[in-house]
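S.K.: Sequence:
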Amino acid sequence: MTSALDQEIRDIATKGGTVSDLTPKAYQALFDHYASSGDMPYGIMKARDGDPDEWLNEKLPTWKDEDFE
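Numbering (the working numbering), first residue to last: 57 to 125.
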């Protein structure tokens, strides 16, 4: 993930925004991060067991406090 995308995600998280406030590129970077790390359950990724946007919105506030680079 580029530092610009990381900063965009941090800015939205700090402002209390949601994933709908992210650019498509930043949203995809956030989704890919959690999908590839194994943190996001497969059923959520495929929207079978829940909404990926809701799941990401729950995780978004932690982005500002962690170092994900």
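Mixed in with the good hints, there may be bad ones.
[Claimed, not checked] For lysine-lysine, the following DSBU-like pairs were computed, each having C-alpha atoms within a straight-line distance of at most 35 Å:
hint, residue 1, residue 2
1, K102, K81
2, K81, K71
3, K71, K102
[Stated by the list, open to error] Here are the computed distance ranges between Cβ atoms for each label pair:
hint, residue 1, residue 2, range
4, D105, S59, 30 to 36 Å
5, T58, D105, 19 to 25 Å
6, S59, A103, 25 to 31 Å
7, K115, P80, 14 to 20 Å
8, T79, T118, 15 to 21 Å
9, S59, S93, 27 to 33 Å
10, R104, R66, 17 to 23 Å
11, A103, K81, 16 to 22 Å
12, R104, Q63, 30 to 36 Å
If you are wondering where the hints come from, they were derived from the structure by calculation, not from laboratory data. Nothing here was measured: the structure is a model prediction, and the numbers come from that model. Quick reminder that beta carbons are idealized off the backbone N, C-alpha and C, glycines included.
S.K.: The structure should be examined with respect to each hint, and the outcome stated for every one.
M.R.: Hint check results:
1. K102 <-> K81: Roughly 19 Å separates the two Cα atoms, so the pair holds.
2. K81 <-> K71: Roughly 19 Å between the alpha carbons, so the hint for K81 and K71 holds.
3. K71 <-> K102: Between K71 and K102 the Cα gap is close to 28 Å, so the pair holds against 35 Å.
4. D105 <-> S59: 30 to 36 Å: holds (33 Å)
5. T58 <-> D105: 19 to 25 Å: The hinted range 19 to 25 Å is violated for T58 and D105, with Cβ atoms some 31 Å apart.
6. S59 <-> A103: 25 to 31 Å: Distance hint for S59, A103 holds at roughly 30 Å.
7. K115 <-> P80: 14 to 20 Å: For K115 and P80 the Cβ distance comes to about 18 Å; the hint holds.
8. T79 <-> T118: 15 to 21 Å: holds (20 Å)
9. S59 <-> S93: 27 to 33 Å: Cβ of S59 to Cβ of S93: about 18 Å, so the range 27 to 33 Å is violated.
10. R104 <-> R66: 17 to 23 Å: Violated, since R104 and R66 (Cβ atoms, about 30 Å apart) do not stay within the stated range.
11. A103 <-> K81: 16 to 22 Å: Given a distance of about 21 Å, which is inside 16 to 22 Å, the answer is holds.
12. R104 <-> Q63: 30 to 36 Å: holds (32 Å)
Comparing the model with each numbered hint stated earlier shows that hints 5, 9, 10 do not hold.
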